[in-house]
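So you can see what is in the structure, the chains are spelled out below.
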Amino acid sequence: MKTVALNAFPRVAQRRAGAKALRAKGWVPAVIYGRQTQAQNLEIDTKQMEDLIHHSASENLLVDLALKDDARPSRLALVQEIQHHPLSGKLLHVDFHEVAQDEKVTIQVPVETTGEAAGVKTGGGVLEHVLFRIKVRGLPKDLPEFITIDVTNLNLGEAIHIGEIQPPPGVEILGDKHIPIVAVAAPRTEEEEAAEAAEAAAAAPGEVEMIKEKKEEGEEAAAPAKGAAKGAEKPGGEKGAKGAEKPVGDKGAAEKKPAEKKK
Amino acid sequence: MPLIPERVKYRKMHRGSRAGMATRGHTVAFGEYGLMAMERCWLDTKQIEAARVAIARNMKRHGKMWIRIFPQKSFTKKPLETRMGKGKGPLESWVAVIRPANILFEVDGVTEAIARESLRLAATKLPIRTKFIARHGLA
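Residue numbers (my numbering), protein chains in the order written: chain A, 1 to 263; chain B, 1 to 139.
Only chain A is shown next, with the shape it has when bound in the complex (with noise of 0.2 Å):
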């Protein structure tokens, strides 16, 4: 990955309402933080950054950070997040990840496919991307941007895996090895989507099961199971032959006799 270079100054600005008036005057709150050193917060130039990110092809950046009064020259960091506003896409904050040129690290690194997938071209098939982004482990200056693989040569239903991956020299691909990565499906056919349309026009608002409802009946069902259960019991028992001779509802029924109507 190569180094690009980035200015930066101190921020004392902090909070809310801090970071809002440091965004409305054309700069981005910042952070570096890393193993050696302790975090620091930052500002840098809005348009300065956005550059740097649409002139890469990823938001993995390897910066060389030139901090204002700061003892040493410059820093060795990655871009370790990147927030943007969820409407407008504008940059709220970047978060930098201090390295050391001589210690490995660890990124996501986005997967990009080139070529025309064989069982695209002729089967009809689409290409799934199950993998936008995979693990790698190296030298900073040996990371790469984003991998890219051939998928020209992949027919319906297969599929290329992490572990057929060639990682870039000095670098290791992290995880499962046999995790697919793109694969190529087979095309839906006109029963299925049939189907499901016909799925869908069947249902109707009133039609949604309750699960209230559905443990009530459970519970009255498994009321009299287990009477029937006690009784089986003891069936020699003095008790259970005298609960077994007398109907439940005799006495209840005597006591909550209904008062006569007064005249």
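Hints in this document: simulated from the structure, not taken from any laboratory.
All C-beta atoms, glycine included, are put in the ideal place defined by N, C-alpha and C.
Don't take each hint at face value.
[Unchecked claim] DSSO-like cross-link-like pairs, simulated, lysine-lysine; straight-line CA separation at most 27 Å: (1) B:9 - B:86; (2) A:90 - B:131; (3) A:20 - B:131; (4) B:64 - B:131; (5) B:60 - A:121; (6) B:9 - B:77; (7) A:90 - A:68; (8) A:135 - B:64; (9) A:135 - A:177; (10) B:46 - B:131; (11) B:64 - A:121; (12) A:141 - A:2; (13) B:77 - B:88; (14) B:60 - B:125; (15) B:64 - A:177; (16) B:9 - A:47; (17) A:68 - A:20; (18) A:90 - A:2.
[What the hints assert, rightly or not] Interface residues of chain A toward chain B, partial, derived using beta-carbon atoms under 10 Å: (19) 9; (20) 58; (21) 81; (22) 120; (23) 125; (24) 126; (25) 129; (26) 185; (27) 189; (28) 208; (29) 210.
Mind docking chain B on chain A? Use the hints.
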């Protein structure tokens, strides 16, 4: 797949809040292109189904489509010419609560032109403004 829940604990719900922006489901997660909501609304089963059909017809069984929203919420309506009171009305439909930045549909396996047209047709079936977005921010 019918767009209503299979089982629910309570049939009638409170209206809830639609305030704020989507904090989940606001990135393209499965496909290459997506349709993002720019406004807030309740999308009911029929609207989602209409949009799905529009996409499926335009893509002509090529590519793949994902519906990223599901109508989990029920809403009720009192019958016409009914006096107020006497309890909550009967169930009318099921809706998905949509907040700005929610991704509604995603497509993959088709060219950008087809994806754009399919999602434009889907957007015409919806009551809100939407935006076509791409995974790599190219659109």
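Here is what the structure says about each hint:
{"no.": "1", "hint": "B:9 - B:86", "in the structure": "holds, 23 Å"}
{"no.": "2", "hint": "A:90 - B:131", "in the structure": "holds, 15 Å"}
{"no.": "3", "hint": "A:20 - B:131", "in the structure": "holds, 26 Å"}
{"no.": "4", "hint": "B:64 - B:131", "in the structure": "holds, 19 Å"}
{"no.": "5", "hint": "B:60 - A:121", "in the structure": "holds, 16 Å"}
{"no.": "6", "hint": "B:9 - B:77", "in the structure": "holds, 20 Å"}
{"no.": "7", "hint": "A:90 - A:68", "in the structure": "holds, 25 Å"}
{"no.": "8", "hint": "A:135 - B:64", "in the structure": "holds, 26 Å"}
{"no.": "9", "hint": "A:135 - A:177", "in the structure": "holds, 12 Å"}
{"no.": "10", "hint": "B:46 - B:131", "in the structure": "holds, 21 Å"}
{"no.": "11", "hint": "B:64 - A:121", "in the structure": "holds, 16 Å"}
{"no.": "12", "hint": "A:141 - A:2", "in the structure": "holds, 7 Å"}
{"no.": "13", "hint": "B:77 - B:88", "in the structure": "holds, 8 Å"}
{"no.": "14", "hint": "B:60 - B:125", "in the structure": "holds, 18 Å"}
{"no.": "15", "hint": "B:64 - A:177", "in the structure": "holds, 26 Å"}
{"no.": "16", "hint": "B:9 - A:47", "in the structure": "violated, 51 Å"}
{"no.": "17", "hint": "A:68 - A:20", "in the structure": "holds, 22 Å"}
{"no.": "18", "hint": "A:90 - A:2", "in the structure": "holds, 25 Å"}
{"no.": "19", "hint": "9", "in the structure": "violated, 27 Å"}
{"no.": "20", "hint": "58", "in the structure": "holds, 9 Å"}
{"no.": "21", "hint": "81", "in the structure": "violated, 13 Å"}
{"no.": "22", "hint": "120", "in the structure": "holds, 8 Å"}
{"no.": "23", "hint": "125", "in the structure": "holds, 9 Å"}
{"no.": "24", "hint": "126", "in the structure": "holds, 4 Å"}
{"no.": "25", "hint": "129", "in the structure": "holds, 7 Å"}
{"no.": "26", "hint": "185", "in the structure": "holds, 8 Å"}
{"no.": "27", "hint": "189", "in the structure": "holds, 8 Å"}
{"no.": "28", "hint": "208", "in the structure": "holds, 5 Å"}
{"no.": "29", "hint": "210", "in the structure": "holds, 6 Å"}
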